[in-house]
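Peer 1: Sequence:
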Amino acid sequence: MVILKAHISDLLQAAATQMSADLSQINIVLERPKSAEHGDFSTNLAMQLAKPMRQNPRAIAERLIKALPQSEYIAKVEIAGAGFINFFLNAQSKQTVVADIFAQGDDFGRNNAGHDVNGKPQKVQVEFVSANPTGPLHVGHGRGAAVGDCLARLLEATGWDVTREFYYNDAGAQIDNLTLSVQARCKGISTDDASFPENGYRGDYIVDIAKAFLAKETVVADDMQVTANGDANDAEAVRIFAVAYLRHEQDLDLKAFQIKFDTFSLESALYSTGKVENTVQALIASGKTYEEGDALWLKTTDFGDDKDRVMRKSEGGYTYFVPDVAYHLDKWNRGFKRVINEQGADHHSTITRVRAGLQALNMNIPSGWPDYVLHQMVTVMHGGEEVKLSKRAGSYVTLRDLIDEVGCDATRYFLAARRADSQLVFDIDLARAQTNDNPVYYIQYAHARICSVLAQWGGETNSLKTVNLSPLNMPNEAKLMQRLSEYPEVVNDAATDLAPHAIANYLKECASDLHSYYNDTKFLVEDESTKLARLALIAATQQILKNGLNLLGVSAPQKM
RNA sequence: GCCCUCGUAGCUCAGUGGAUAGAGCAUCCCCCUCCUAAGGGGAGGGUCACACGUUCGAUUCGUGUCGAGGGCGCCA
7 MVILKAHISD LLQAAATQMS ADLSQINIVL ERPKSAEHGD FSTNLAMQLA
57 KPMRQNPRAI AERLIKALPQ SEYIAKVEIA GAGFINFFLN AQSKQTVVAD
107 IFAQGDDFGR NNAGHDVNGK PQKVQVEFVS ANPTGPLHVG HGRGAAVGDC
157 LARLLEATGW DVTREFYYND AGAQIDNLTL SVQARCKGIS TDDASFPENG
207 YRGDYIVDIA KAFLAKETVV ADDMQVTANG DANDAEAVRI FAVAYLRHEQ
257 DLDLKAFQIK FDTFSLESAL YSTGKVENTV QALIASGKTY EEGDALWLKT
307 TDFGDDKDRV MRKSEGGYTY FVPDVAYHLD KWNRGFKRVI NEQGADHHST
357 ITRVRAGLQA LNMNIPSGWP DYVLHQMVTV MHGGEEVKLS KRAGSYVTLR
407 DLIDEVGCDA TRYFLAARRA DSQLVFDIDL ARAQTNDNPV YYIQYAHARI
457 CSVLAQWGGE TNSLKTVNLS PLNMPNEAKL MQRLSEYPEV VNDAATDLAP
507 HAIANYLKEC ASDLHSYYND TKFLVEDEST KLARLALIAA TQQILKNGLN
557 LLGVSAPQKM
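Start counting the first sequence at 7; every next residue gets the next number (the numbering used here).
Read the hints as simulated data drawn from the structure, not as lab findings. From a predicted model like this one, the values you see are computed outputs, not experimental measurements. Incorrect hints may have been included.
Derived SDA-like pairs (lysine to any residue); straight-line CA-CA distance at most 25 Å [as the list claims (entries may be wrong)]:
| no. | residue 1 | residue 2 |
| --- | --- | --- |
| 1 | Lys72 | Asp122 |
| 2 | Lys565 | Asn175 |
| 3 | Lys343 | His354 |
| 4 | Lys537 | Asn482 |
| 5 | Lys343 | Asp122 |
| 6 | Lys281 | Asn175 |
| 7 | Lys565 | Ser428 |
| 8 | Lys281 | Asp311 |
Pairwise CB distance ranges (calculated) [as the list claims (entries may be wrong)]:
| no. | residue 1 | residue 2 | range |
| --- | --- | --- | --- |
| 9 | Ala275 | Ser469 | 34 to 42 Å |
| 10 | Ile357 | Leu220 | 40 to 48 Å |
| 11 | Thr385 | Lys57 | 43 to 51 Å |
| 12 | Glu321 | Lys266 | 36 to 44 Å |
| 13 | His121 | Asn339 | 20 to 28 Å |
| 14 | Gln264 | Ser196 | 32 to 40 Å |
| 15 | Ala461 | Ser196 | 53 to 61 Å |
Note that beta-carbon positions come from the ideal geometry of N, C-alpha and C, so glycine has one too.
All chains should be built: construct the whole structure from the sequences, respecting the hints.
Peer 2: Have a look at this one:
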């Protein structure tokens, strides 16, 4: 398999060297032109050289082209515009991608970028969702789940050893509130009642928990199992049961969303194992703390924060950011030199604090560690109006509502298909539409169409591996092949930029090329070599669609 | 007031230091005697919020203004 981009870059390098151009300050950039008339690859090298060489770009481009070594892959080279050098590949080298896809199958598009110098995958942890067990997962968690899981898949595809982690708080003020709410429901106190806890959770799901608790049910979550004792006055028993119950429910939601975590971390464990206390002691020892007004402060302003932060309140308890620092120190100590936290944008202020706390420990943790991917808010629309409530949860739209309404595939696609840092409007009507309005079905349909043609042909897809591809010389075939050949770059860039939405966009374009090709091409034609070549091309496209959909966690159906 | 993200077609959103700024929906016109029309082809629709700067070149980078959302607690 020849990496054409690298090959052309080498040619340019050689040409520049021959005309003794200084490339030390210049990075040779090869891009894929938007328009076919600008060739298959294009470079602005001549423009970059114009200033240092004090010559006009077109003249430099001409000299570069003259100095280019011969290549068996290139049909012609042109100068265009202000001094672009455009490379046109010959038909044969465009066709190599089809054979490459057959050769690599499910692995096509994967790479080893995440391997260390010894060729071993490096560890990376992706922490996402991390919802506290105080209610069902909501749309925001859903966005985090879709983006986080897709990030994890992208990192796996680029050679990283990924651990998916879920962190939650099973103690503290919010959980106390949960406990009080369940206890109130156990005693038949309704939300209208004055004695219902003021900051209690009012959703119907609290009633379900209370019923299950009184019925002494047993609940099993991914990380625990609890049997209720039925005594509503036993706050500790209620707490433990309620947490397990909601963890179980979240597990069901995540399962329906086809997401699985490798590890669960509990905030309470950071206390019980002494990690919080050790972190506090280490921070005090580092000399970055001081006492003021009965509280213990950390000088986070030494590390870019706009004001110092309280670690230990005057009443004696720690503020939330202390266990946060302890938690991240724990991640570091578990050997994750790379950690990505996928969270809602409302957590953005914690970034500076967590990093500052880690810096204050003076343990040579890089100042930009860990990485964060923050997603903005999701607005749910239905029937042209914003949906704000779910009966069950009371105050927000749940992930389960979306999955029930539009299915797992469409929910995952819609939540991952937008840049994380822009606000998202989730239109239930669009996601549910079983028509061409819906990009999920558009992509899946392309896959299913190919399956259908291959099924009617009836041969072994594997036998297409070695067919002669030279009949593939139509413009729409060239376009499709070009699209397929971009896939590995798209995957690599998406992983590097932590941008799953790039995969969704690519798939839409790839599906579009396929549909277009499908519409003006007959595949099961008389001429055997043409038929086989075309079938090979669509089979390769099928593979790309499948690989890409898999990165999004969306199914690639054979039939629709 | 300070911090973060965003501002691109009527709507939902891509995109990029470069060559006429793209897609889907919506509107209008075409295409199934033929492998899935859940499809394709075409038309219209844009001062890339605004201003100034850097650059050979800015929608993209910088600064400022305006607008939207979020965050600014000895809550988590």
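Peer 1: Compare the distance between the alpha carbons of lysine 343 and aspartate 122 with 25 Å, and conclude whether the hinted pair is satisfied.
Peer 2: holds (12 Å)
Peer 1: Hey, lysine 565 versus serine 428, does the alpha-carbon distance stay inside 25 Å?
Peer 2: violated (34 Å)
Peer 1: Does lysine 281 pair with asparagine 175 here, judged by a C-alpha cut-off of 25 Å?
Peer 2: Holds, at roughly 15 Å.
Peer 1: Given the hinted pair lysine 565 and asparagine 175, is their Cα-Cα distance within 25 Å?
Peer 2: violated (44 Å)
Peer 1: Given a hinted range of 36 to 44 Å, is it respected by the beta-carbon distance of glutamate 321 and lysine 266?
Peer 2: holds (40 Å)
Peer 1: Against the range 32 to 40 Å, how does the distance between the Cβ atoms of glutamine 264 and serine 196 compare: consistent or not?
Peer 2: holds (37 Å)
Peer 1: Should the hint that isoleucine 357 and leucine 220 are 40 to 48 Å apart at their CB atoms be regarded as holding?
Peer 2: Once the Cβ atoms are compared, 43 Å apart, the range 40 to 48 Å for leucine 220 and isoleucine 357 holds.
Peer 1: Take the C-beta atom of histidine 121 and the C-beta atom of asparagine 339, compute their distance, and say whether it sits inside 20 to 28 Å.
Peer 2: For asparagine 339 against histidine 121, whose Cβ atoms are near 23 Å apart, the range 20 to 28 Å holds.
Peer 1: Between the alpha carbons of lysine 537 and asparagine 482, is the straight-line distance 25 Å or under?
Peer 2: Roughly 16 Å between the alpha carbons, so the hint for lysine 537 and asparagine 482 holds.
Peer 1: Is the hinted pair lysine 343 and histidine 354 satisfied, with a Cα-Cα distance of at most 25 Å?
Peer 2: holds (21 Å)
Peer 1: Cβ-Cβ distance between alanine 461 and serine 196: within 53 to 61 Å?
Peer 2: Holds, at about 58 Å.
Peer 1: Return holds or violated for the Cβ distance of threonine 385 and lysine 57 against the range 43 to 51 Å.
Peer 2: holds (48 Å)
In summary, the numbered hints that this structure violates are 1, 2, 7, 9.
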